[in-house]
Amino acid sequence: MNLFHLAVPLLLLSTPAWSETPQQILAQYQQQAGGASAARGEKFFFAKNTLPNGEVVSCTSCHTDNPKAVGKTRAHKQVEPLAPVANRERFTDPAKVEKWFKRNCKDVLARECTVQEKADFVAYLISVK
Amino acid sequence: MGITLKNLGILLAALISSGFFLGYSWGSGSDASFPPVSHKLTAEECGSCHMAFPAGLLPARSWQHMMNTLDRHFGEDASLSPEETAAITRYLVDNAADSRNANLLMRRIASGIPSGTAPQRFTETRHFGYLHDEVPANIWKRAKIGSRANCVACHTRAESGSFIEREIKIPKD
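Chains A and B, in that order, are what the protein sequence lines are.
Read left to right, the first sequence gives residues 1 to 129 (my numbering).
Read left to right, the second sequence gives residues 1 to 173 (my numbering).
Hints may be right or wrong, so weigh each one.
[What the hints assert, rightly or not] Footprint (simulated), chain B over chain A, 3 or more residues, beta carbon under 8 Å: (1) 82-96; (2) 103-114.
[To be verified] Listed below are the simulated DSSO-like cross-link pairs for lysine-lysine, each with C-alpha atoms no more than 27 Å apart in a straight line: (3) Lys72(A) - Lys172(B); (4) Lys72(A) - Lys102(A); (5) Lys40(B) - Lys96(A); (6) Lys43(A) - Lys40(B).
Please keep in mind that the hints were generated in silico from the structure rather than gathered at the bench.
Note that this is a predicted model, so its numbers are computed, not measured.
Heads up, the beta-carbon is just placed ideally off N, CA and C, and yes, glycines get one too.
Let the sequences and hints guide you as you build the complete structure.
What follows is the structure, given as structure tokens:
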């Protein structure tokens, strides 16, 4: 066995099939929405919404108002930062991105997000330096 | 019989071994540990918003009810695909407090839960109450604890299923 034989499986391990870049994921949403605005995404991130039960929530309720910071769920579990600059795993798995949009949009807005909102949101977080 | 080196040796050995057994029966694992969540999907899906609680904390009927009402999970919609729901339910039921796989601790938890009830929070069971009755109300309010479901705030190795007393570290704030 030489180094080559070792390197091939290592390479395969380090690049799972689903792996994409945040830019690729943004491009897909952008294409579906016909554009994306980081400024709109920023507004969306901080926007407060009152739920039917009277609770006032926003993305920042769990993610804090700093997308580079570690957040906390309502059950006090740590949430890794949203901004790719602070968390290299963020926006690299399209299925995971969709799953959490579906779930968290319902948590905060009591509805699913539109493609436009998703595009703007991802654009904003990518823009965070 | 005088004090000889041999007698001293026997005494020492007896002391060490009694201490060993005391320490073993007091501190160690068997009566405050659950097998950690060994099912990957359960660990991932249940563990993304809160600690992946050991299946042995609740009886099968509790898990069944919880998995049937994931769309209203403590005020959130945590629903999964039918396949994922079925796989996780199977794991939780197979390893529940009243399952064949239950250890002594889990059987004790199960026996404290009235039949005909299916508690959804372990923190509302008699067993939890009995074990936490000496924790004053003000400690529960500390920011780093925040919720009774936040086991790991004090039970430092809770995520691996261990709740033994000497691993408890109560945060100061």
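How the hints compare with the structure:
1. 82-96: With 0 residues close enough to chain B, the hint is violated.
2. 103-114: n = 3 at 8 Å, threshold three: holds.
3. Lys72(A) - Lys172(B): 19 Å, holds
4. Lys72(A) - Lys102(A): Holds, at roughly 19 Å.
5. Lys40(B) - Lys96(A): Given pair Lys40(B), Lys96(A) holds - Cα atoms ~16 Å apart, limit 27 Å.
6. Lys43(A) - Lys40(B): Distance ~37 Å between Lys43(A) and Lys40(B) Cα, so the pair is violated.
Violated hints for the displayed structure, listed by number in ascending order: 1, 6.
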